[in-house]
Amino acid sequence: MSQLLGIRGLRTTFPTRHGLVRAVDGIDLDVRPGECLGVVGESGSGKSVTFLSVLGLVRPPGKVEAEAITFQGRNLLSLAPTEIRAIRGRDIAVTMQDALTALNPAFTVETQIVETIEAHEPGIAKGEARARAIEMLRLVGIPDAERRLASYPHQFSGGMRQRVMVAIALACRPKLLIADEPTTALDVTIQSQVLDLIDDMRVRLGMSVVLITHDLGIVAERCDRVAVMYAGQVVETGPTAEVVAAPIHPYTRGLLRSMPSLAHLDEPLVPIDGTVPDPTRLSDGCRFLPRCPHAVEVCARPVGLRAVTAERAARCILAEVAR
Amino acid sequence: MSSVDAALPAARSQEESILSGNLRDFLANRMSVAAAVVCLAFCLIAIFAPLLAPQNPYETDLLRRLQPPAWMEGGERGFWLGCDALGRDVLSRMIYGTRVSIMIGVAVVLLATVIGTTLGLLAGYLRGPVDMVIARVCDILLGFPYLIFAIGLMAMMGPGLQNIILALCYKEWVLPCRVVRAETLAAREQDYVEAARALGASRWHIMRREILPNILSPVIVVATFRMAYIIIAEASLSFLGLGVQPPTASWGSLVADGRAFLLDAWWVSTFPGLAILALVLAINVASQGLRDAFDPRLSR
Amino acid sequence: MSPLRLAERLLQLIPVLLGISVIVFAMMALTPGDPVQIMLGDSLADQAQRDSLRRDMGLDLPVVERFFRFLGNALTGNFGLSFFHRRPVMDVILERLPATIELTLVAMFIAIAVAVPLGVIAAVRRNSLLDRIATIGSMLGVSMPGFWFGILLILLFAVNLHLLPVSGRIGFGHEVKMVTGFVLIDTLMAGRLDSFLDALRHMLLPAVTLGLAMSALLMRVTRTSMLEALSQDYVTFAEAKGLSRVRVVGRHALKNALIPTVTVAAIETGSLLGGNMIIETVFGWPGLGRLVVEAIFSRNYPLVQAAVLIYATTYVLLNFLADLLYTVLNPKVRL
Chain A
957 MSQLLGIRGL
967 RTTFPTRHGL
977 VRAVDGIDLD
987 VRPGECLGVV
997 GESGSGKSVT
1007 FLSVLGLVRP
1017 PGKVEAEAIT
1027 FQGRNLLSLA
1037 PTEIRAIRGR
1047 DIAVTMQDAL
1057 TALNPAFTVE
1067 TQIVETIEAH
1077 EPGIAKGEAR
1087 ARAIEMLRLV
1097 GIPDAERRLA
1107 SYPHQFSGGM
1117 RQRVMVAIAL
1127 ACRPKLLIAD
1137 EPTTALDVTI
1147 QSQVLDLIDD
1157 MRVRLGMSVV
1167 LITHDLGIVA
1177 ERCDRVAVMY
1187 AGQVVETGPT
1197 AEVVAAPIHP
1207 YTRGLLRSMP
1217 SLAHLDEPLV
1227 PIDGTVPDPT
1237 RLSDGCRFLP
1247 RCPHAVEVCA
1257 RPVGLRAVTA
1267 ERAARCILAE
1277 VAR
Chain B
50 MSSVDAALPA
60 ARSQEESILS
70 GNLRDFLANR
80 MSVAAAVVCL
90 AFCLIAIFAP
100 LLAPQNPYET
110 DLLRRLQPPA
120 WMEGGERGFW
130 LGCDALGRDV
140 LSRMIYGTRV
150 SIMIGVAVVL
160 LATVIGTTLG
170 LLAGYLRGPV
180 DMVIARVCDI
190 LLGFPYLIFA
200 IGLMAMMGPG
210 LQNIILALCY
220 KEWVLPCRVV
230 RAETLAAREQ
240 DYVEAARALG
250 ASRWHIMRRE
260 ILPNILSPVI
270 VVATFRMAYI
280 IIAEASLSFL
290 GLGVQPPTAS
300 WGSLVADGRA
310 FLLDAWWVST
320 FPGLAILALV
330 LAINVASQGL
340 RDAFDPRLSR
Chain C
13 MSPLRLAERL
23 LQLIPVLLGI
33 SVIVFAMMAL
43 TPGDPVQIML
53 GDSLADQAQR
63 DSLRRDMGLD
73 LPVVERFFRF
83 LGNALTGNFG
93 LSFFHRRPVM
103 DVILERLPAT
113 IELTLVAMFI
123 AIAVAVPLGV
133 IAAVRRNSLL
143 DRIATIGSML
153 GVSMPGFWFG
163 ILLILLFAVN
173 LHLLPVSGRI
183 GFGHEVKMVT
193 GFVLIDTLMA
203 GRLDSFLDAL
213 RHMLLPAVTL
223 GLAMSALLMR
233 VTRTSMLEAL
243 SQDYVTFAEA
253 KGLSRVRVVG
263 RHALKNALIP
273 TVTVAAIETG
283 SLLGGNMIIE
293 TVFGWPGLGR
303 LVVEAIFSRN
313 YPLVQAAVLI
323 YATTYVLLNF
333 LADLLYTVLN
343 PKVRL
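Chains as they are written, first to last, in the working numbering: chain A, 957 to 1279; chain B, 50 to 349; chain C, 13 to 347.
It should be emphasised that the hints constitute simulated quantities derived from the structure, not laboratory data.
Please note that the accuracy of each hint is not assured.
What the hints assert, rightly or not - With a cut-off of at most 30 Å between alpha-carbon atoms, the simulated BS3-like pairs for lysine-lysine come out as follows:
# : chain 1 : residue 1 : chain 2 : residue 2
1 : A       : Lys1131   : A       : Lys1019
2 : C       : Lys344    : C       : Lys267
3 : C       : Lys267    : A       : Lys1082
4 : A       : Lys1019   : C       : Lys267
5 : C       : Lys344    : A       : Lys1082
6 : A       : Lys1131   : A       : Lys1082
Stated by the list, open to error - Just a sample of chain B residues kept apart from chain C, beta carbon distances all over 12 Å, derived:
#  : residue
7  : Phe97
8  : Arg114
9  : Ala134
10 : Val155
11 : Tyr278
12 : Ser285
Where a beta carbon is used, it is the ideal one built from N, C-alpha and C, also for glycine.
Given these sequences and hints, build the entire structure.
Okay, here's the thing in structure tokens:
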């Protein structure tokens, strides 16, 4: 069985004043051992919520339902809170979009790394945990690691802070790293450094990475497989090279066309017309319908994720044509 | 608050629609509406005190000295909440006391809001030396604990209705002033003000007609919740004997009247205090609702 | 905070304190009527005595000169004589001050001990029954006139249940030699546990009354800042690291939430000073607050003036301390 994490039929909803927001609506996803899976979509498409749901980090009144969420063969849904807590940080680690807000401003970096190690290895000697913290900081490329342990997060530069967060996430050598928009908050020049670091760590620690981003370019460069999300659903998945070369879903096509490419500088960028649907008023049919240039009558009926090849699928009637 | 990038007329209409939306939010909060109704009831009691009071609040009758409430043994119909040490009807004195509390609360808040808003507008819009002087005075006045300042002033000026209003106003204007100054500083950078300036509007015109209407909701919010504090402050001063002069009834002095007779006449102190609590609580709950509806930044 | 920044902040206090002394001086100087006449009242002093008093008080000097004399004297703690007590004003004040400080500290302690845990629990269990009760309670607390609440407590615990004394600082037969002026410390130093407990019983009602409004406010601030902290990314990240709920709430969220709470607590302690006058009057507490109220009625203006100045200075210093605490607690500002 070649899956590390398997998500089946995940639904996450938030009741609000204006109605029920279906942030994640029936997602199936697999993460394979050692791979880098790119999850692409606009903000609000449910990428981050999907993985917060997996880890049980959705706050009330948000509600998570799923047929199954299996990690290394265990169903996470049936675990007790202490059991799932033991998985967080140790087996599945997370980095967040902006290290400035994700790191606690009131604690030193040392405290924040050491507490993670101690949470998963109770009884570890203070000195040993500290040594591990220094090692992690070195590993992610923080110069003068031993001295920087005593620093507070705001005393680091943006790129260094992001590295610190990666160091904390990887302190317990997780099997899966969920990197939520790891570069959005960074300068362009530092972005690739951080991505290189994550790549490097993936290979060295032999872990899988889920790279959540809105930038299809990053995914095209770095991910083995990609899942494109739109309005709480996966609309297309497959090996990145194939999806980029021959996108099936009109949304994926739109994304590719609205993306600047070095190879085709002379081609005009084409934005996707229209806006993302109101998450409280989602239709049963294809959610891209109002913006789709190929829409036909049947698109108003529910559209499932249709397999195109063994590896590819798309939530679109065009998938039939592609097959 | 208002739209940043819209042109002048658009900003106006948006402001209006937000205001009516806020009103709807407020009305949807049942607690706040109930509290507002209670406040209104107190106002009506104050206005129609002579019609509502069952007895003459000033008429002493030593035969009724410390007479218990009507439902207790020795009580009498018509003297529902009992009588004080001079045989005056507690309920009637409370009803007249409502006038003092509400009048002082409204007068102080109104006066302080007008003064504070004017100075805050000037400080925030003109900046420079005007701002410096006003800010300094605010700093100094904020250096006094509120009640101490008022008590000190009352000690020097002597008791009396007018003096209380003055004593509380001397410091009270600082709060609206600070709020208005901060809001004005933010507002003067907004496009609708820039636009008015570009059209050649005078400084007065801009302050009064452009900025003031747009910063009004935090001012109202501050004013309402300060009202609660002022009423407690007045009651406290009157309790110490530094408030309105006897025989005028104020809730605070009514509580003080009963203090010497706690052992045998608990009702003299208890009921007036309950009235203070009820009114202040109602104002606080209503202003909380107002705050939530009008100014999310101030809420919680 | 660097020593330089600290010095700068201290220097900024000077104009404020100066302004405060101007106002305190003006309160007295602008009082309508002849202060000597008011102070002596109906006493049978003759003209010569009146003139000599006027000279002693410097009332024959021009206003500006009088102000500088007042300022100079105030800086050395000389506020003139209290006619009522026939002793220097400062002596009388210093004698009463410990009682007020002690009551304020105990009230503050009670307020913090009640408010902070309650605020944290209310935030963590948001919208639970306890949260609702705490929110309603805090609304009641801020709306409660302190003097009336004190009277209710007296009615209930002293008059009806006879559990606690009605007023005073210590019971008959429990008096001990005052060394520090703090009765809780002095009784312990004298080795009189029974007297210590008696003093504690006397302190309970006034301290609870004084602390009520503060704890109501503090609870609300704690709850708000805790809710704010709990919604931050760093809390989600801490949970994603696999930390226990206790550690996430009790360390990650609380440490950040305490920054505003401590600041408000320090400022509110200053506000307790005003409440003191009223609460000390209600409970017959022999502190500075009651002294001032008595002084007002005996027209002992030099004492009122001195007390207002001392209160205001303390208040300013407490606010300064709050500022300082905020910087110390917040590593981001420490640079």
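Hint by hint, here is what the structure shows:
1. A:Lys1131 <-> A:Lys1019: Between Lys1131 (chain A) and Lys1019 (chain A) the Cα gap is close to 26 Å, so the pair holds against 30 Å.
2. C:Lys344 <-> C:Lys267: holds, 13 Å
3. C:Lys267 <-> A:Lys1082: holds, 22 Å
4. A:Lys1019 <-> C:Lys267: holds, 29 Å
5. C:Lys344 <-> A:Lys1082: holds, 26 Å
6. A:Lys1131 <-> A:Lys1082: Cα-Cα ~25 Å, so holds.
7. Phe97: holds, 25 Å
8. Arg114: Given a closest Cβ separation of 19 Å, the condition holds.
9. Ala134: Holds: least Cβ distance 15 Å, greater than 12 Å.
10. Val155: holds, 18 Å
11. Tyr278: violated, 9 Å
12. Ser285: violated, 5 Å
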